[in-house]
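First to last, the sequence lines map onto chains A and B.
For the first sequence, the working numbering begins at 11 and goes up steadily by one.
For the second sequence, the working numbering begins at -7 and goes up steadily by one.
Just so you know, the hints here were simulated from the structure itself, not pulled from any lab data.
If you're wondering where the values come from, they're calculated on a predicted model, not measured in any experiment.
Every residue, glycine too, gets a C-beta built ideally from N, C-alpha and C.
Derived contacts from chain A toward chain B, CB cut-off under 8 Å, selection only:
1. P20
2. R309
3. D333
4. R390
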Amino acid sequence: MHHVVIGAGPAGVVAAEHLRKYDPDSSVTIVGGEEEPPYSRMAIPYYLVKRIPEGGTHLRKSSGYYDRMGIDVKHGRVTGVDTNANAVSLDGGGSVNYDKLLIATGASPVAPPIPGTDLDGVRNCWDLPDAREIIKYCEPGKRIVLIGAGFIGCIILEALVASGAQVHVVEMENRMVPRMMNETAGGLIGQWCGDKGIEVHTGTRVESIDEKNGALSVSLGDGGRLDADLAITATGVAPNIGFARDSGIDVDEGLLVNEYLQTRSENVYAAGDCAQGRDFSTGEYSVQAIQPTAVEHGRIAARNMARGHEHYHWGNVNMNVLDTMGLISSSFGLWMGADGGDSAELLDKNEYRYLNLQFKDDVLVGASSLGLTEHVGVVRGLIQSKTRLKNWKDKLRKDPTRLMEAYLANTQAVGHNAHVL
Amino acid sequence: MLKALQLEPEKCTGCLQCEMACSYENEGVFNPAKSRIKVFNFHDEGRFAPYTCTQCDEAWCLYACPVEAIAINAGTGAKEVLGDTCVGCKVCTIACPFGTVNYNSSTGKVIKCDLCGGDPWCAKACPTGAITYVDADGTGMERMRAWARQGMPPAGASVNAPAEKEIPNYESA
Ligand SMILES: Cc1cc2nc3c(=O)[nH]c(=O)nc-3n(C[C@H](O)[C@H](O)[C@H](O)COP(=O)(O)OP(=O)(O)OC[C@H]3O[C@@H](n4cnc5c(N)ncnc54)[C@H](O)[C@@H]3O)c2cc1C
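In isolation and in its complexed conformation, chain A is listed as follows:
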């Protein structure tokens, strides 16, 4: 049995490791399109602030690891999949045959539709070559304009600011992280940034970028102009699936998979940012493009490839955690609320503390928070286990911070007469 994984990101590497575990006699090959050992995009911001060297971004660090694991890591860009011949073709000729194939090719950034994004000083912050270029500007005195204050934009922002560079952020929506935080919480993050001396321009778009005398000039919709040494775009991503078109694999926003992460082609599975998998909260199929989903896809797909359809994929809870110059925020599931549901909210503007819980009946279905760092994962646990909160819903309405107690009281014996809690 030859398992082939296309893509050397977290989804691909975790899948390869689990294929090894579940199917010890098989051979496992990873085909990765970048000239690097398998690495983690998520680690790039920590490289930019020099908390880790470049090698710190590598997913597995001990030398000879993949050889010892019996995982063959090949460099090569896949240009097509022939699902009849069970083979993938590589850029520059050559092909690799598979018995089972996992597509874990991730996503790529989408440039904003404005003139000037092809200029030298304009970059994405997506891969190691981007990071090597951007790190040259990560120092005091450099002027950087960041276009897009979504989740990834805000993560990059944190690193740029920490480097001492002078940073302007431009976000066309009316607040930061609009797809993760409501107006209250997103507004507070914006205010927090303002207090830290970061220029936040929300509700306006970048119209164009020009180059004048070796520097960039970024024109805003509100008439403003920003001079910059570097402009970074973080305006969304799209799955890397072009090579799979016309191959018998269904393609929508991403690669369409069923509840075993299998595509329409029997021997082909998909995982991570390239896959349009089930969302736990909505039941719909969407591209979440987050790390936890990528690795969980990888594990589940590997198990189903190696052992038959053993692991049903109920879907992933969409979730993010963000640190914006020390203000920690997180969001989970239906943080914006469910139809027919209700909510509990706690707000302390002066302390930048916020907790919003969303319920459907007596089940937690979503949450967003500012300043919550203790036991935050239990939000995921409560959502994904669909734990019935019973009388604890009322207690949470009065004090939303008692999440952990609500969880314990409803899931384990607490005290002699646990049933009364």
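Got chain A; can you put chain B with the ligand on it based on the hints?
Same frame as chain A, now just chain B with the ligand:
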């Protein structure tokens, strides 16, 4: 055989010796806020529940980590945070559905129970036997894990069963 922490809430008096011992052993300070084991206080009922990581097989924290900063200790089975490698991204804190990985803002890294390398101080400090370190079979941890397996999809009894729902009565709680 691997050992595990057995937590018996009914024996807990809420004295917080475990939190003190944990924070002192692991962080060098007597500060329950830095403890990896937490005692939850159910004020209304006067009851307490000690709670920490179950060292679960699924190890969501470990796989979510982008930099390989959580590793399994082969001797104890504990999932340990490698402090030098952790970059403080916090993805593990949201990935762990038990809420037992916390971010420590003073170090910029995450902390979780590592069984103190096989000699957990919380168990040694507990005066009432509410926390013991015993063979993994049949511990409360095993029950918690079992709950995790059945409570979390795929096999969730509580999943998608609207027909069995009682009508909650919030007002009379
Ligand atoms: C700066 C930054 C910060 C981030 N921070 C967070 C965060 O804090 N939390 C979070 O949840 N997520 C974060 N993300 C997103 C996270 O990194 C992705 O969700 C994750 O990397 C997805 O993993 P993946 O394996 O699906 O795809 P990728 O990591 O994109 O890996 C895809 C792999 O496929 C390869 N590939 C692509 N096309 C081909 C081809 N045709 N042939 C061969 N190989 C190919 C690529 O080279 C790569 O090796 C961040 C991303 C960035 C850029």
